[in-house]
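S.K.: In order, the protein sequence lines correspond to chains F and Z. Counting in the working numbering, the first sequence runs from 1 upward without gaps. Counting in the working numbering, the second sequence runs from 1001 upward without gaps.
No lab work stands behind these hints, which were simulated from the structure alone. Quantities reported herein were computed from a predicted structural model and do not represent experimental measurements. There could be a bad hint or two in this list.
Claimed, not checked - Per label pair, the in silico range of CB-to-CB distance: (1) Pro-1059/Z - Asp-354/F: 39 to 49 Å; (2) Glu-368/F - Gly-1266/Z: 29 to 39 Å; (3) Leu-1066/Z - Asp-377/F: 34 to 44 Å; (4) Ile-1009/Z - Asp-354/F: 45 to 55 Å; (5) Thr-1122/Z - Gln-90/F: 57 to 67 Å; (6) Val-28/F - Arg-1091/Z: 47 to 57 Å; (7) Gly-277/F - Ser-1269/Z: 44 to 54 Å; (8) Gly-349/F - Thr-1122/Z: 35 to 45 Å; (9) Ile-1287/Z - Ala-298/F: 26 to 36 Å; (10) Asp-83/F - Pro-1124/Z: 36 to 46 Å; (11) Gly-302/F - Pro-1124/Z: 41 to 51 Å; (12) Glu-192/F - Leu-1006/Z: 52 to 62 Å.
Ideal placement from N, C-alpha and C gives every residue a C-beta, glycine not left out.
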Amino acid sequence: MKKILAVALVICLVFALAPMAFADDNPVVKIGVFEPQSGDNGAGGKQEVLGMQYANYLTPTVEIDGVEYDVELVYADNASSNDKAPTAAQDLISNGVSLVLGSYGSGVSIAASDTFSNAGVPAIGVTCTNPQVTSGCDVYFRICFLDPFQGTVLANFAKSELNATKAYCLAKLGDDYSGGLCNFFIEAFGKENCVYEQFPEGTSDFSTYITNAQNQGCDVFFSPVSTEAAAQIIAKADTQALGMPILAGDTWDSNVILNAAKGTDVQICVTTFYQEGANEEFDKGIKEWINSDKTALANNGGNDELAAVTVMGYDAYYVALEALKAAGSTDPEAVLEVLPALSYEGVTGAIAFDENKDAIRDSAFVKECNTETGVWDFVTVATVG
Amino acid sequence: MAKTILPYIISGISVGGQYALIAIGYTMVYGILRLINFAHGDVFMVAGLMMVYMAASMPLYIAIPLMIVLTVLLGFLIERVAYRPLRTAPRMSVMISAIGVSYLIQNLALYITGGLNKNYPTIPWISDRVTVFGMETSRVTIITPFLTIILVVLLVQLINHTKIGMAMRAVSLNFETSQLMGIRINNVISATFIIGTFLAAVGSMLFFTNYPGVVPTSGAMPGLKAFVAAVFGGIGSIPGAVIGAFIIGIAESLIKGLDTILIVQGTISEQIGFATFSDAFTFILLIIVLVFKPTGLFGEKTTDKV
């Protein structure tokens, strides 16, 4: 009996190893995907990864210094948690990645920045908008706009388009993204006209915060929190008849929000990186891909509604390829050297880095949730002049 | 004044009712086994997840009873597989086993859901919007405390006036003696788990209808708060757990709204930021009660046997 078992095990091992031996001969270049796959931001992280996977599906190889390389995406789940982020980052580095993409959520990026910095592996933030991501780390670059910009756009929008005079701001306690964005919003909107509150981790009862906003006579509800909390807030805003529009940042540009808001009478406006329909050819291609892949469809929330983070993930992948081409090597150090001067024309617009390693971007899309059809309606392109 | 505070009280009572239904499970199991069943909050979460998946494939009038039956079965199986074999082991081993079950369930749920937020199905009628004293809320918020109280009254009747109830009381007093008196303690313990998980399943329906997102860690915070409520009221005592849960629910809700209440009253003009500390206040309250009344509000007095 034992012998049979042993033989069976050996055969299993041989079959498991066989594909490695017979794989084609292209050398492999590894790109790290540092994204949350679970936790508060799991849904958003998965959508961002989708864009990278689609890009990888379209362009699975890259030519570096005359040699054709297979591109392998190496995943690490930072679990949306600041204390798990450094371990996830270390995993990627041990795996020998040339550069890293991510993360969705600024807090985890900030938490992992030391790990990347010590290893000298460059990282490209895809949708982390907190200024500290790049300012506190010498290897972190970013291809999206920043919170001071986004906060100002939202505050201007609240004042001029929604005619709001008093804002209720809600952030998650200890969360760099929502806390930072709230502060920039308050700065732009005027501190004296804002009520600012924070909720602790694990909160599911948001009814009291809704009541607070109503009781203090606010006329706009600003809560750029994770989509998980967002779904709860929308549900409560509906049952308690909030009576004021909800404003949020790029995080809320997600199917989770659309699903939660469908059939309610809550008005929701968000700023984001990309408006579906801006590049129809791209939209069509990625939708076909999402619909053809069951896992991708599930990761996108069960439908093919495109999130801006997905498109950003797609662009980030190509920025990474450009960097590898320009570096002419898979060595992280060489990639790090060419990144500051890199430019790329992506689906979401031109991407180039300024002296702070941030993308030079001056416009954001404002969208409003159509609660009848469950899709985003385009409102305006906002700039800060 | 009343109009400002009322919404907080109502939402606090509702949250308290949901904590109460979970807390009873903790307190009953503790009363009988002297075991803190850490997996209880996760069973509550699984009940929510099952509802999400079942409601997608069958009508609600089948899904709801089936969810309750399956949850009860899960509670029963956990006791059978993870606690019963350890009946003679030191109490610490059982507790570690409970923590293991808790993490096992959480991680299984993480694997199955992929860590994504699942939207709880809308149960008609109870999730409708109603107006109470000029305040908009959902019907479930109003129903929860009444349903909780009805269930608790029934439970107390069961414990005081039936054979199995008498057996439970006997086993909770003394394990070995009741065994000697011919009580099948395994059956009694199974019954305890069944009742506890049944209440958690009902609680999960009320909770997730009110706050409709289910994630693998959804059970952790309500579970912890319910446990605190059970300790607060005196662990082992059912009325204690219920009253403790209502106190914690209301206190939490009021603290979150304290800034606003004071500002609307005109007592203060600037925000103080109480809302940030709502969880901290809950646990400080627990510490204060335990310092002055170590057995909780309604806890049994411990007499040392020599």
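S.K.: The structure should be examined with respect to each hint, and the outcome stated for every one.
M.R.: Here's how the hints hold up against the structure:
Distance hint check: the CB atoms of Pro-1059/Z and Asp-354/F are about 57 Å apart, inconsistent with the given range 39 to 49 Å. A hinted range of 29 to 39 Å holds for the C-beta pair Glu-368/F and Gly-1266/Z, which are about 36 Å apart. In this structure the supplied range 34 to 44 Å holds for Leu-1066/Z paired with Asp-377/F, their Cβ-Cβ distance being about 40 Å. A hinted range of 45 to 55 Å holds for the C-beta pair Ile-1009/Z and Asp-354/F, which are about 53 Å apart.
Hint check: Thr-1122/Z to Gln-90/F, Cβ distance near 43 Å, so the stated range 57 to 67 Å is violated. As the Cβ distance of Val-28/F to Arg-1091/Z is approximately 53 Å, the hint placing it in 47 to 57 Å holds. Range check, Gly-277/F to Ser-1269/Z: about 47 Å between beta-carbon atoms, so the 44 to 54 Å window is met. Remark: the range hint 35 to 45 Å for Gly-349/F to Thr-1122/Z is upheld by a beta-carbon distance near 39 Å.
The beta-carbon spacing between Ile-1287/Z and Ala-298/F, approximately 44 Å, falls outside the hinted interval of 26 to 36 Å. At about 42 Å, the beta-carbon gap between Asp-83/F and Pro-1124/Z stays in the expected band of 36 to 46 Å. The hinted range of 41 to 51 Å is not satisfied by Gly-302/F and Pro-1124/Z, whose Cβ atoms lie roughly 22 Å apart. At roughly 28 Å, the beta-carbon separation of Glu-192/F and Leu-1006/Z lies outside the given 52 to 62 Å, and the hint is violated.
Comparing the model with each numbered hint stated earlier shows that hints 1, 5, 9, 11, 12 do not hold.
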